[in-house]
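In order, the protein sequence lines correspond to chains A and B.
Position 144 of the first sequence, counted from 1, bears residue number 144 in the numbering used here, the numbering being contiguous throughout.
Position 212 of the second sequence, counted from 1, bears residue number 1212 in the numbering used here, the numbering being contiguous throughout.
Since the hints were made in silico from the structure, they are not lab data.
One or more of the hints may lead you astray.
[What the hints assert, rightly or not] Covered stretches of chain B (chain A as the covering partner; in silico rule of three or more C-beta atoms under 8 Å from a C-beta of chain A):
{"no.": "1", "region": "1074-1080"}
{"no.": "2", "region": "1086-1092"}
{"no.": "3", "region": "1118-1127"}
Since the model is a prediction, treat every value here as computed from it, not as a measurement.
Idealized CB from N, CA, C, for every residue including glycine.
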Amino acid sequence: MFTADVLIQLTIDGVSRGAMYGLMGAGLALIFGILGIINMAHGELFMLGAYAMYFAAMVLGVPAPIALLISTALMFCVGVAMERGLIAPLRARLGSRWLVDGYVLTIGIMVVLQNLALIVFGPREFGIAAFWPGRQEFGDVVISNERVLILAGALFTTGALALFLKKTNLGRAIRATAEHPAAAQVLGINIERIYAITFGIGAALAGAIGSLLLSTYPAYPTVGGEVLLKAFVVVIIGGLGSVWGAMLAGPLLGLIEAYATAFAPGGWQNTITSLLVLAVLVLRPQGLFSRQVTRP
Amino acid sequence: MLLQVRELKVGYASGADVLRGVDLSVGASSVTGLIGANGAGKSTLLKTICGFLRRRGGAIAFDAADIGKLQPSQLAAHGIAYLMEGHSVFPGLTVEENLILGTWAFRKERARAKQAVERAFELSSVLRAKRKVKAGLLSGGQQRILEMERLTLNDPRLVILDEPSLGLSPKLVHEVFERIAQMKADGAGVLVVDQSARHVCAASDHLYVLRLGEICIEGPAASFSDRIDELVRNFI
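Excised from the complex, chain B in its bound form (with noise of 0.2 Å):
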C-alpha cells in the first residue's frame, strides 16, 4: 500500500476529537474515494495526512515509512500532490508563473521543469490561451484546470483531493473526473474527497464513508453503484 492511515485521532483543541481513529489506505494506480456530511472530518483527514494539523495519536505511512512529522513543504519532495480546500492558485502571477512553481521541488532539473510546463500547456488549451493572463483573472473552472495541472507537473506518485468538483460546471465536474482516471492511468494512488458522492463512487476503486470522525462503512466502489443514493439517504 501507498498511503497507510492506522488509527489515526485528531483535535482542534483540548476536548472531543475530530477524528477518532480512522483507518484508511490507498493503493497505487488506484483511486480511492472518501465522502460524509459535512463536519465529518474529511478536510481535517487530509490536512492531517498532509502535515498542516498534527495528529494526536495513530499512524500516517507513506510506502512504509513514517510520514507524521512531515512538514507540508516537504510533500513534493516526497511526491505527494494535494489540492486543498478552496482555491489555491497564485492570483497576482501569471498562468505560466503558476505551473513554473509547480516545478519547484525539481526546479534545478531545469530541462526537465521546462518540459513538465510546456506539457503542460500542450494538453491544455484553456491554459494555452491563457499563458500570459493572471491567474486570478481566470474564472472558478479555469483555476480549477490550472491547479489540477500545477498538481501533475513533478509526476506524484500520491494525490490528494480535497473537493475537486466544488463549484463547478457538470461539463467541467466531468473533465476534474477524467483527470483523476488519467491521474490513475500515469499510475498514481489518488485519494479524493468530494461532495458528489456518485462521482466518486463511479470514479473509485475503493470507497470509504466517513461519519463523525469515523470510518463507518468501506468496501469495493463497485459494491456500492447501485445503493449509492441509499447510502447518500443513510449516512450524508
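If we strip away everything but chain A, and leave its shape as in the complex, we get (with noise of 0.2 Å):
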C-alpha cells in the first residue's frame, strides 16, 4: 500500500511543512536566547505577516516574491517597534525583575493583536488556493508546485538565517550578546540595538512563514494560536534557546507529523507528538539537539 512514491511524497511535505515549523522555533529561541522572554505573541506575527501578504498579492495585485519581501521587511519593522516601544521601556522600568512582566505583557500583545485583526478584518479566512499552481511529476512521485515552493522557501530562509548568524558581523554580535551580555558590551556592541534587531529578525521569520504558508494557513484572527503550538514543540524538541536545535527539530516534527497521519488512525497524529513531547521532557529535559548547559 505505501510504495516509494508515497514515502517520498510524505517525505517532502514533511520536511517542508517542518522546515517552517523550525523556523518558528528558531525565531523564539532566538529571543528567548537575548531577551529571557518567551514571546507569546509570536503567533500574531505570523498573522500579521499572512494578512500583509494576502492584502499585498490579491488586493494591491504586487506578485508574490516581492509581496513576500513586502511582507518581512515590514514585520520586522513590526517587531522592531514593539521591542523598542513596548518591551524596552519595560526592561529600564523594572531591573532585573522585568522578565515575568515581559512575558504577560506579550501575552497582552497576542489578545490585542487578535482582537485588532478581528474588528479590522473580520473573522473571514483570508487565502488563496496556490501561489504557483500545477505540479511537477517524477516518474510516479507526484509533487504540487505549491510544494516545491514552500519547501525551496523553507530551506532558503533557514540557509540564509544560518549564514546570517554564521557569517556576518551582527550575526556573531547576537550570538555573543545571548552568551554573555556585558562582556559583548565591553567589547562595543550596543546590546540594546541587538536587543530590537533580534526581536525584528525574529519577527520578520514569522511574518516570512506566515506569509509562504499563505495556501495552508489562510490569514484569520487566531491562526496563530495553531502555529505557536508547533513553535513551541519545536522548541521543547530542540531545546530551549537553541536556534540550531530549533532548526532541526523543525523538519522531524514534521516529519513525524506526515508519516502519523498516513500510517496511524486518524486523530493519533497530535497524540504521537505531545507523547515525543512528554518523552523529551523527561528523559532529555535539555531537547535533542543541545548540550546541558546553564545560564549564568
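These two chains come separately, so use the hints to put the complex back together.
Here is the structure:
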C-alpha cells in the first residue's frame, strides 16, 4: 500500500512543513536567547505576516515574491517597534525583575492583536489556493508546485538565517550577546540595538512563514495559535533557546506528523507529537540537539 | 594623566557607600596596581570607571574629558579595554569568532580588523592550535589567554584588568604579567587589580592600597617592594 513514491511524497511534505515550524521555533529561540522572554505573541506575528501577504498579493496585485519581501520587511519593522515601544521601557523600568512582566506583556500583545484583527478584518479567512498552481511529476512521484515553492522557501530561509548568524558581524554579535551580554558590551556592542534587531528578525521570520504558508493557513484572527503550539513543540524538542536545535527539530516534527497522518488512524497525529514532547521533557529536558548548559 | 578619578563615591543601595571618596590616577605607558582585601571595593571601582555602576559623587576623567556618564558599550570606541571579573569569553563561539568580536569597534575597517586577528594568532601558538574550537571547551588558562588577546586587538590606550591571574597556574600567572608589561611597552596605561600582591607590586610603577572604600596607602611601587609582606599583613 505504501510504495516508494508515497514515502517520498510524505517525506517532502513533512520536511517542507517541518522546516516552517523550525523557523518559527528558531525565531522564538532567538528572542528567548537574547531577551529572556517567551514571546507569546509570536503566532500573531505569523498572522500579521499572512494578512500582509494577502493584501499585497491579492488586493494590491503585487507579484508574489515582491509581496513576500514587503511582508517580511514590514514584520521586521513591527518587531523592532514592539521591542522599542513596549518591551524596552518595561526592561528599563523594572531592572532585573522585568522578565515575568515581559512574558505577561507578550500575552497582552497576543490578545490585543487577535482582537484588532477581528475588528479590522473580521472573522473571515483570507487565503489563496496556490501561488504557483500546477504540479511536477518525477516518475511516479507527483509534487504540487506549491509544495516545491514552500520547500524551497523554507530551505532558503533556514540557510540564510544560519549563514547570517554564523558568518556576519551582526550575527556573531547576536550570539555573543545571548551568551554574555556584559562582555559583548565591553567590546563595543550596543546590546539595546541587538535586542531590537533580534526581535525584528524573529518577527520577520514569523511574517515570512505566515506569507509563504498562506495557501495552507489562510489569514484569520486566531491562526497564530496552532502555529505557536508547533513552534513550542519544536523549541522543546530542540532545546530551549537553541536556534540550531529548533531548525533541526522542525523538519523532524514535520516528518513525524506526515508519517503519523499516513500510517496511524485519524486523530493520532497530535497524540504522537504530544507523547514525543512528554518523552523529551522527561528523558532529555535540555532538548535532543543541545548539550546541557547552564545560564549564568 | 590618562585616567583621573577624584573623590569618587559609589554605593549599591541607599546606605553606606562602598567607595567613600577615592582618588586615583593612571598615566600612559605605565602600570598602576591596586590591591586590597576582599570587599575593599576594588571591583566596584573598576565597574564604576567602566560605566557598569553609577557614581554618587566625584569625577572620572579620561584624557581630561568627563566619562562619568559613559555606557559600557562606548568603552571600546574610547580606547578603553576592560577585563571583567570572572570569565568573559563567549563559550559557544569559536576562538576565532571571539577574536573577531574583539575588533567590533573598528569592524568597518575590514583590513585592519582582519590583520589584528591574524596577528593575535601569530603571537599565540595556543590560540592558533584552537582556532576553530569553541571557546567554552578551552581550559581556564587558555580562556584567560584568549581574553587577554581579545582585549588588546584594538590597541587600547587604557587597559583595566580585574583579577587577571585568579585561578591560573604559576606559569600562566607569569605569562599574564609579561603580557601586562608588553601592554605598557606598547604605550598603554594599565590599571590592574589582583589578589597576588607580590606580582602586582613587581609589575607596577605606582601602587594603591584600598581599604574599606578608601585609599589608605599609595606611592611608587618600588618603595613597597621590600615591605610588601608587611603591607599585606597589615592592610589585606
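Hints versus structure:
1. 1074-1080: holds (count 4)
2. 1086-1092: holds (count 5)
3. 1118-1127: Coverage by chain A is violated here, the residue count being 0 at a Cβ distance below 8 Å.
Checked against the numbered hints given earlier, this structure breaks only hint 3.
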